[in-house]
Amino acid sequence: MATAVVYLDGDPREGVLEAVTLARQVGDVVAVAPAPLGSEAVQTLGRYGVTRLVHLETGGVAMDAPAAVGQALADAATQLDATAVLLTSTFGTKEIAAHTAHHLRAGLLVDVGDLRLHEGHLAGSKRAFGGTWDTSCAVTTDRGVATVRPNAVQAEPVQTPVDVVTGALTVTAQVPAGLELVSREVHDSDSARPPLAEAAIVVAAGRGTFGDFDPVHELADVLGAAVGTTRDCVDEGWLPHDAQVGQTGVTVAPRLYLGAGISGAPHHIGGMSASQTIVAVNIDAEAPLVEMADFAVVGDLASVLTDAAEAIREHRAQS
Amino acid sequence: MWSTVGGNCGSGCREWQAGRMRIVVCVKHVPELESARAFSEGRAVRSTEDGTLNEVDENAVEAALALGEGASEAEVIAVTVGPAPAVDAVRRALQMGADRGLHVIDDALVGADYAATTTALAAAVRSIGEVDAVVTGMAALDGLGAVVPSLLAAELGLPQMTVAHEVSSADGVVTIKRDVAGATETWRAPLPAVISVTDVANSPRLPKMKEILAARSKEVATVSLADLGLAAADVVSRTQVLEASRRPDRAGPELVTDDDGQGGRKLADYLISEGLI
Ligand SMILES: Cc1cc2nc3c(=O)[nH]c(=O)nc-3n(C[C@H](O)[C@H](O)[C@H](O)COP(=O)(O)OP(=O)(O)OC[C@H]3O[C@@H](n4cnc5c(N)ncnc54)[C@H](O)[C@@H]3O)c2cc1C
Ligand SMILES: Nc1ncnc2c1ncn2[C@@H]1O[C@H](COP(=O)(O)O)[C@@H](O)[C@H]1O
Numbered sequence: 001m002a003t004a005v006v007y008l009d010g011d012p013r014e015g016v017l018e019a020v021t022l023a024r025q026v027g028d029v030v031a032v033a034p035a036p037l038g039s040e041a042v043q044t045l046g047r048y049g050v051t052r053l054v055h056l057e058t059g060g061v062a063m064d065a066p067a068a069v070g071q072a073l074a075d076a077a078t079q080l081d082a083t084a085v086l087l088t089s090t091f092g093t094k095e096i097a098a099h100t101a102h103h104l105r106a107g108l109l110v111d112v113g114d115l116r117l118h119e120g121h122l123a124g125s126k127r128a129f130g131g132t133w134d135t136s137c138a139v140t141t142d143r144g145v146a147t148v149r150p151n152a153v154q155a156e157p158v159q160t161p162v163d164v165v166t167g168a169l170t171v172t173a174q175v176p177a178g179l180e181l182v183s184r185e186v187h188d189s190d191s192a193r194p195p196l197a198e199a200a201i202v203v204a205a206g207r208g209t210f211g212d213f214d215p216v217h218e219l220a221d222v223l224g225a226a227v228g229t230t231r232d233c234v235d236e237g238w239l240p241h242d243a244q245v246g247q248t249g250v251t252v253a254p255r256l257y258l259g260a261g262i263s264g265a266p267h268h269i270g271g272m273s274a275s276q277t278i279v280a281v282n283i284d285a286e287a288p289l290v291e292m293a294d295f296a297v298v299g300d301l302a303s304v305l306t307d308a309a310e311a312i313r314e315h316r317a318q319s
Numbered sequence: 001m002w003s004t005v006g007g008n009c010g011s012g013c014r015e016w017q018a019g020r021m022r023i024v025v026c027v028k029h030v031p032e033l034e035s036a037r038a039f040s041e042g043r044a045v046r047s048t049e050d051g052t053l054n055e056v057d058e059n060a061v062e063a064a065l066a067l068g069e070g071a072s073e074a075e076v077i078a079v080t081v082g083p084a085p086a087v088d089a090v091r092r093a094l095q096m097g098a099d100r101g102l103h104v105i106d107d108a109l110v111g112a113d114y115a116a117t118t119t120a121l122a123a124a125v126r127s128i129g130e131v132d133a134v135v136t137g138m139a140a141l142d143g144l145g146a147v148v149p150s151l152l153a154a155e156l157g158l159p160q161m162t163v164a165h166e167v168s169s170a171d172g173v174v175t176i177k178r179d180v181a182g183a184t185e186t187w188r189a190p191l192p193a194v195i196s197v198t199d200v201a202n203s204p205r206l207p208k209m210k211e212i213l214a215a216r217s218k219e220v221a222t223v224s225l226a227d228l229g230l231a232a233a234d235v236v237s238r239t240q241v242l243e244a245s246r247r248p249d250r251a252g253p254e255l256v257t258d259d260d261g262q263g264g265r266k267l268a269d270y271l272i273s274e275g276l277i
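Residue numbers (this note's numbering), protein chains in the order written: chain A, 1 to 319; chain B, 1 to 277.
Do not rely on the hints blindly, as some may be mistaken.
Stated by the list, open to error - Some, not all, of what chain A presents toward chain B, calculated at C-beta under 7 Å:
id	residue
1	A98
2	D134
3	A138
4	T141
5	P176
6	R207
7	F210
8	T248
9	L256
10	A296
11	G299
12	I312
Said to hold, decoys possible - Here are the in silico distance ranges between beta carbons for each label pair:
id	chain 1	residue 1	chain 2	residue 2	range
13	A	S39	B	E254	43 to 51 Å
14	A	H315	B	A251	24 to 32 Å
15	A	A2	B	V173	43 to 51 Å
These are calculated hints, taken from the structure and not from any lab test.
Treat the numbers as computed from the prediction; the structure is a model and nothing was measured.
Ideal Cβ positions, reconstructed from N, Cα and C, are used throughout, including at glycine.
With the sequences and hints as input, model every part of the structure.
Here it is in structure tokens:
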């Protein structure tokens, strides 16, 4: 049976469990982490069918630089004879994936929404060109590396939890000469809301808010959604850059993306077009985001979002 | 490259003077996203008229020019790998102030994946000789892959300083700041290095008519894989497209208006009926 390695850079979160769920289509799932995990995390992995968890022993080499992590992961994949190396899709993990693919001389699939083996080679599908095409690609190499976009599938536990075998794996890792991480400051997180890149629902709002995000936050909180925005609003200082969706921000593909007061520039659409359901609220019925939406309300977002939040609260109270 | 000159600034202080500095900037020509596009035989087919320079690559050109400003003599070379229309991306870089261009074009590169593209880009960089920095944009608008900078760094064996929203350099050492995974990181590395920049790293200059005219006489070398010492077999894609299908044209949204003040309620009803609540 083929082995699929899933990289996790901390406790298993939803995105990683989705990747594990997809990895089961490929083979026996081995999780690889830069450091040992707690027993709760190990049990979670077992519930999702991970048979083995290894943490990387690098002989003291820091796992900060994408080049070092990518090399360590490639070494682990070789030792484990993996057919697939899977990571969740974020800027940081895509960099690691690139280095892993380089060291393995393996094909690299970016942002796939499903996985399978095609004649023994890793294959997956993705949306391309602003969501207008579906493409399915396979690697032509024995091993393949793929980054999996969050929310493509629902994470599903296996019927019978697995007893995970844990252990260390000694790997080679090298930080490129002279490269140095000078400092790392973790941002205050909007802890009440899910992280944007992984959220199942994203309520995004743009310039049409004129800076008033109260109705946006209200609806987001009723829906348990993350809040996203456009570059223009970041430029205005209305929301931090962490909230920007698009080419130079975060890529999201939630079950529901609701965009209010957003025109739908190509730079923005590239970062959300793989969303499952797209809803737009805009005073302009011809805005590109309205035209690509499944459902749209033509109207002032301030009242539409507030009324929607109210109606959802009423619905919940009744049911 | 950087060279040491005798300094006179107190104990232990070395004064660096930038001698000749050579900076490569990678620019990509991307299709206009609204334009008609098609896949044929597993490849994206692009037409000539409707492409543009990947906009964030203008930030890369600006960053490359800025790096060169610290040197007494700097040369900025714009490199692209792509079909004939891709030369427009190089031309734009030349208008902004790059000194010369290099366009890698070869039938064997049609449909090239990230690995093959990077192999060609790296060979192009090597063909230039010693370089102090390779600057790229953070992501190309067509695929939002954001992997070429890392692949290039790996291929060239250079440290990478990617997704930088701030770049500064002094004495042959580059420092960048980047925001990833909910944290701000500061990285430092000696040159040469691969640097990728975001759209807020700088404000790309707008070339004036004079510069646009001057750019016409700048040299763009067109090279094939063989010119770079590569055989077609060296530039093999490691992925293949199995299937590509155009998604059905969107039917257009189910559209309601808020003219009657019921828009918000209808929105809620839609979400409920779709099982999203
Ligand atoms: C290199 C580069 C990278 C970029 N990267 C990104 C990126 O990552 N992400 C990104 O988002 N952008 C990015 N951009 C910017 C992008 O091109 C657009 O400028 C931006 O997305 C537009 O933001 P917006 O939709 O908020 O504003 P606008 O385009 O001004 O749209 C505002 C919308 O609000 C509507 N509106 C106005 N009033 C109301 C109201 N009361 N109620 C409802 N609707 C209303 C209007 O009809 C309009 O459709 C990038 C640009 C460049 C050059
Ligand atoms: N074919 C290419 N030619 C030149 N530069 C490229 C090419 N492909 C990617 N790049 C550079 O790499 C960056 C990131 O691209 P990507 O990894 O494709 O998202 C771009 O902004 C360019 O600077």
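Structure versus earlier hints, numbers of those that do not hold, lowest first: 6, 7
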